[in-house]
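For this one, chain A is given, so just place chain B on it according to the hints.
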Amino acid sequence: MTQNDITTKLISLAAERFQQEASTLSAADDLFDRLGIDSYQALELLSDVENAFNVEVPDYELQGVHTFAALAEVIGRRL
Amino acid sequence: MATEFPVEPGNPTKSGNPAQPERCMEPERLYAGEALSWHLNEDTLEVELHRKPCNEIGTTALRELEALADVVRQGAHGARALLWHSSVTRGFSAGADLQELYHGLMDGGLPPDGLAADARKLAEVRSFLDRIHDAFNAFDQAPLVTVGAVRGVCFGGGFELALTCDVLVAEQNARFAFPELRLGLVPGFGGVPRLRRDVGNAAIRDLLLTGRSIRASRAHALGLVSQVVGNGEALGIARMVAQQAARFDAQTTCKAKRFIKTLPASELRQEKDLFIELLASPTVARALKKFVESKDLRPYLP
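Protein sequence lines correspond, in order, to chains A and B.
Residue numbers for the first sequence follow my numbering, so the first one is 1 and each next one is one higher.
Residue numbers for the second sequence follow my numbering, so the first one is 80 and each next one is one higher.
Heads up, a few of these hints could be off.
What the hints assert, rightly or not - For the chain A half of the interface with chain B, some residues (derived, Cβ under 10 Å), not all of them:
1. S39
2. Y40
3. Q41
4. E44
5. V74
Just so you know, the hints here were simulated from the structure itself, not pulled from any lab data.
Since we're looking at a predicted model, the values are computed, not measured.
Note that the Cβ used here is the ideal one computed from N, Cα and C, for glycine as well.
Here chain B stands alone, though its shape is the one from the complex:
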């Protein structure tokens, strides 16, 4: 269960006034959940991802991401920057919780013709996608500077979360990938529209159509990552980026961000439609079953 500290998500301050948050010298822990926690560190709202094995995003994470999105919409406790990092050894995030997705979809057994005839389950997934898109869009368009400190695995939905950030700082051991086509799917949390916003077609097609992973320096060369730093250094460097960004006038930063970072709203809607269309196919059911039931120790290798 989530441990709630003095301020609950959705209720940014005790006084209820997000414009005047309570401050003290020590970092103020605001929320501690099962998948993520956040606290204020001076002008930065730091979000820690801490669900083992590698911050898989399922319904628990979604609820807490929605709570954080509400906090961001209501002023982020007065923070000027939002910083994401992971305390899980394996990396930033391995993406969607495929175990949960599989068991949620297949609780009545594996339909031989796929899920096309199961409107209820498809509607449930659509609802999940709508909710996660709402949260990710809130992070993407937040009126403050968002910084991601990435190390280790940053795959699928985790990569999609990272792509909502304004600035990414990656450790040398960070790896980025969209392995969804291996499951007969496309990324469903807004990844492709955001990738198309940030990099050229050669990189998008290579990543999406081969499912390969790329290291931090390649991601840097592609323009996805702002800085590549030594292993163990990303959080400290990301904090400096956030602190520097917080020095400038808030309104100017907000207007500049709005100018340079627009939401690809139409493509995001199309992506959800395509995901649901593909999910209905028997290919996905078979691929998910194979992934979940596999005893292979190396499911993330081709």
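The following block holds chain A by itself, in its conformation from the complex:
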């Protein structure tokens, strides 16, 4: 799975979770600002991501991760 594939899937998951059009989201978007989510919602997204990719991402690996592309990198390391 390429980084692009992971990013596309992440955007799709986020769009579904927060009822947004996937086509309006891009890899470089700050996912917190763009989605307007709080910590509870971020944790919901994290569960969706872990379940969809069947990976485990400890919260502390998400320090400094703000974009879909950066999140895709973290997930890619665990696939």
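Structure of chain B alone, referenced to chain A:
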């Protein structure tokens, strides 16, 4: 204010005889408080957590948990199972009410050297811990089967409440964590001794020392959760677990539970001592102040 239905907490039935509760076809609402409510659903006493934003446990919740513990000690209205669930969108419980803790501790300002010299405040917290331990121990050792339906956030004190349950059913979106070390504390509601009772050291140290959260399937793999179910399904599945457990002979169930689930009493006492020792440090005062005054929308992320 709590709305009391026909039966008040501590007075399990109108007749005062917990062995022969009144029954009818419709679920009988027994208590409706600010933080939790309970009613009988056939043989199950169902407890709903419903305090927004996410069932934070402070003095209001404590009073109502104590009332429920009294009901459980007096026979739980004849119920054979106790089922916990949350009707709050964000999840099961985010844990202790840190706003209340902070304002209770810091009403005279932030002491630069911590709370070590303030014996009165430390005694108040110790009293709170003693009371919540009494209630949680009553749930833990209740002579009936206790089932938790968990979804969303199950952090800190909420996780500690869940750990009193015999069986946990978690939705896929459930997440469990002990973030207390971020505040310079350890869990104080009995979480670590109960976790040590249930899972291995690798999981305990990972959860406690990193403060990370784990999803339901990981909790299942660790042996914390009995079943992982689809989002929105936990309450229904938990009801079936409770109904099934209620089919067996009550005395046998009680004896089996006593055999397989002992109270880690000594560790629970040590945990309270450690919590108070840590609470006295300036680290906690600063961390609580930072948490409470933070405008960050994402306080639960590292």
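>> Which constraints among the numbered hints does this structure fail? Numbers only, ascending.
In response: Number 5 - this is the single hint that the structure violates.
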